[in-house]
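K.L.:
Each chain, letter by letter, is given below.
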Amino acid sequence: MEQLLANPYVPPLILTAVIILVFPLIAGYIVLAERKVLADLQVRLGPMRVGPYGVLQPLADALKLMLKEDVIPSQSDKWIFWLAPVLSTFTALSAFAVLPLSDRFFVADVNIGILFILAMSSIGALGLILGGWSANSKYSLMGSLRAAAQMVSYEVPLGFATVTAIMCAGTLSMQGVIASQLERGVWGAFDNYGLMLIPTVLFIIAGTAETNRAPFDLPEAESELVAGFHTEYSGFRWALFFLAEYAAIVVISSLCVTLFFGGWLRPFPNVAALEMPLNTAFPAALFALIALGCSKGVFRQALAGFRLVMAALTGLFLLVAAAFALPAANELMIGLFWFGFKLAVMVYMFIWYRGTFPRFRYDQLMDVGWKWLIPISMFGLILNGVVQLFARG
Amino acid sequence: MAETTLAPPEVQAETLLDSNELVLNMGPQHPSTHGVLRVILKLDGETVLGTDCVIGYLHRGVEKIAENRTFQQFAPYVDRMDYVAAVSNGLGYCMAVERLLDVEVPPRAQAVRVILTEINRIASHLLWLGTHALDIGAITPVFLCFREREEALKIFENYCGARLTTHAFRIGGLQYETYDTFEKECLDFCDLMEQKLKEYHDLLTGNRIWVRRTKGVGILNAADCKDYGVTGPLIRAAGVEWDLRKAQPYCGYENYDFDIPTAETGDTFDRYMVRMEEMVQSCRIIRQAVDALPEGPIKGKVGKVIKPPPGEAYVSIEAPKGELGYYIVSDGSLNPYRVRVRPPSFVNLGALDKMCRGSLVADVVAIIGTIDIVLGEVDR
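Chains as they are written, first to last, in the numbering used here: chain A, 817 to 1209; chain B, 62 to 441.
If you're looking for bench data, these hints aren't it; they were derived computationally from the structure. Heads up, a few of these hints could be off.
Stated by the list, open to error - Residues from chain B shown here face chain A by an in silico Cβ test under 8 Å; the list is partial:
#1 91
#2 194
#3 198
#4 200
#5 205
#6 399
#7 421
This structure is a prediction, so every number in the text was calculated from the model and none was measured. Yeah, the Cβ is synthetic: ideal placement off N, Cα and C, and Gly gets one too.
Next up, chain A with everything else stripped away, as it sits in the complex:
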């Protein structure tokens, strides 16, 4: 066992397998979170039927999608129709390879990690374009044309914002970026006397557009193009597109967290006095509170099975809370916790936008991209470069 783990190829392979197996489940629960948060913003309850408070809804949805009939339109280009969702999902999931989930959990720490992520997300756009093209439907075609234009336009400001962050950190390695933030004692977003906030904001905006999320969800604009590029997709192929979308959200959010918000570092990583309250007390208290919330459900649910599920969840969260109180387990998990926590905040923001903003129009989207975001991102790059060259402490 020891020997096996010492082999440099084994731990990454195990982690890869875990990511591929577990991520669909995580994506399912992000969807549930999205539905619940949106419901909260929209004075309703969201899923409540499958399991207590709808907690088993993602499993039911996945099962339903897998059992659906696999329809390929007769007029479509079948090979490309088959390839498109595979391509989207493959590229979105392969970007996970370089995500620094914590100081010890990552598949690979390559010296061009950030370039790899950007490349993968660019190729992911191809999946959307091919999917819309091959279906031979007008709505799909228009959706994919929009996707092509949008992704090309918004990759530019995204790239400039990323370059600014790379310049600030001085490395292209994801772990290296985090190490540099630890060394400088400040999050990327607030470096260079706060001037790094410009690329941070631009990255979040362009990242929202890059992942086709509201208010930039034009390629699938429901009220105009029915479902845009995936109008003709159904069943599991559609689920793959869905998976790819949520994988892209996680990847872009992770990139943002890594570049600008310190990755798996706790807030104020250099202030030793905060070590105990932030690294032990906060996660333990957080999970204990969640457990407390779940424990209420044990008594409120009417069905015995539902009570059991709530009891299991209470136990699980209590266990996690207890684990954070143990120094050995804490050390293992704390990086993962902070990464996940920051990621959750980012994902919440994505959902929040969707609940708040109307959709941009095609020409306005191009307007914002080319006339505002690109010039501002170039300006931010130059400004940060100059400050870094002459005035960096």
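Go by the hints and put chain B onto chain A.
P.N.:
Quick look at chain B alone, frame taken from chain A:
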């Protein structure tokens, strides 16, 4: 646009990518054509070159049905035309028959009619606001609007037992006396609306994306409005102060103090602002009507059998969507000889092509939303 015809599928597949023009069929199964409207779009890229509306998917022959029903029997049918503003439909029909019969409606009945019609106007505008915002991609307002609309529907339910197709009025007046807490509930509803309208303004009016999506979109100026016979909020947004409640007052609207909200350019944003302001004005009318609700009988001198003398009558009222007219011909029998409805949705929809040309696909759904059509009324 008579020349727009759909090519057979094999020709379409061939020309889909080769030609500059793309014919896109929107509806009748489409998320934002508000029911079963079918619009054939001729596109150059995303730019709309022309539109062609295909209607009739919800045609039920309401006008023909009238000829085989007695005057009372037909009254519930009119609720099924503009089913989100059923009270206004009923009011127009009852007033037309009352004119044929030449009966006077007692003041209390008139005041209650005004209150219910204005509450219905708010309910109709709320539904418009929610779906219009949904078309433009804002998914939250629709739930907020339905929350408030629920309060309006509760008043209808308490008054006459039905929520949507209410059949609230009878020829000659009212069937039911108001219930105990009617006045209080109406005033509470006004308070609620005035408070919640601020919430909608916070969510949408100041939102830059919303403003960019609506300003300058689907402009219909005053001259075009008159040419197309467009009425209601559309013509008021173009700067014409035309509201039948002021122009030819009925039902005692002359006793109430309210303004006609107007705007200047006649674009989607102006129509949005006009409708939002109309809800405020409706609240004003409801308050005045409730405060001055007279006592007295609720039904005029109408017999059990309604048999108007031979003749004809045309009555038009200001429905939430525009001028709603009923033209009824009586031959002296129990059934109307002919009923013709002038529905605002149908006439306003005629201007769709004019408003859409040169805009983008995304604007088409915004424009369909801003015209505020109900297909039950368009097709009848």
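K.L.:
Take the hints in turn and mark each one as holding or not.
P.N.:
Each hint tested on the structure:
1. 91: holds (7 Å)
2. 194: Where the cut-off is 8 Å and the nearest Cβ of chain A is about 7 Å from residue 194(B), the hint holds.
3. 198: Where the cut-off is 8 Å and the nearest Cβ of chain A is about 3 Å from residue 198(B), the hint holds.
4. 200: Check passed: Cβ of residue 200(B) comes within 7 Å of chain A, closer than 8 Å.
5. 205: At 7 Å from the nearest chain A Cβ, residue 205(B) passes the 8 Å test, so the hint holds.
6. 399: violated (40 Å)
7. 421: Since the shortest Cβ distance to chain A is 6 Å, the answer is holds.
Taken one by one, the earlier hints fail for this structure only at number 6.
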